[in-house]
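Engineer: If you're matching positions, the sequence shown starts at 5 in the numbering used here and goes up one per residue.
Any given hint could turn out to be false.
Unchecked claim - Within a straight-line C-alpha distance of at most 20 angstroms, the following computed EDC-like cross-link-like pairs (lysine to aspartate or glutamate) qualify: (1) K147 <-> D174; (2) K147 <-> D166; (3) K62 <-> D77.
To be verified - Pair ranges (Cβ atoms, derived): (4) T69 <-> E199: 31 to 41 angstroms; (5) D166 <-> D77: 34 to 44 angstroms; (6) E192 <-> E114: 26 to 36 angstroms; (7) G113 <-> R21: 30 to 40 angstroms; (8) R172 <-> G113: 19 to 29 angstroms; (9) A191 <-> I72: 32 to 42 angstroms; (10) Q73 <-> H104: 12 to 22 angstroms; (11) P186 <-> S55: 13 to 23 angstroms; (12) E192 <-> G148: 28 to 38 angstroms; (13) A191 <-> G138: 18 to 28 angstroms.
These are calculated hints, taken from the structure and not from any lab test. Note that the coordinates shown come from a computational prediction; the quantities given were computed from them, not determined experimentally. All residues carry an ideal CB built from backbone N, CA and C; glycine is no exception.
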Amino acid sequence: MVADEQKILLKVCGITRQEDATACEQLGVDFCGFIFHPASPRYISPERVSSIQTAQCKRVGVFTTHNIQEIVDIMTLARLDYAQLHGRQEDTVVDAIGGHRVIRVLFPGEAPSLSVTPEPEVAYTLFDSGYGTGKAFDWQVLKGVKRPFFVAGGLSAQNIPDLLKVCRPDGVDVNSGVEMAPGIKSAERIKEIKELL
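Using the sequences plus the hints, can you model the full thing?
Structural biologist: Structure, rendered in structure tokens:
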């Protein structure tokens, strides 16, 4: 970790097993992400998430095509702290959930427009290369972002140092970069990343 700078938060997304949630808690991960998109290989049911314990890790649900009521119901059942809106949901969805509980996903090309057409106030903006691509994008576009934000998309212990040379996000969101197989996390890979932040 770089001295005298604010800690960078770590979110591990695509949690499907209690043992991985436990490893995240033990390693000091800040957010555990659960994917509710049925087509994802990391899909998990809200009922299953409700049984997973995350201790001090904040719980985030990833939503794509869900409507407002579905999101609200799942957040209650799965005991979620945040809704990550990955489907370009209308601002009314943000309002219904409460912006302080929303992580709004945008794509790299939308970063420069934030200063021109501000998004609704949310807890964090997350910049991702695209849903489930597992690929990094050109982080240079994030240099002018003036709001709390996370970066996702193909991040691993190998390229996070390069990301931090370009910009300093409030958090990084990792998924496939800490996996042995889809939905099966490696505690060692998570630890490697944690030590970089």
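Engineer: In ascending order, which of the hints set out earlier in this document are inconsistent with the structure?
Structural biologist: none
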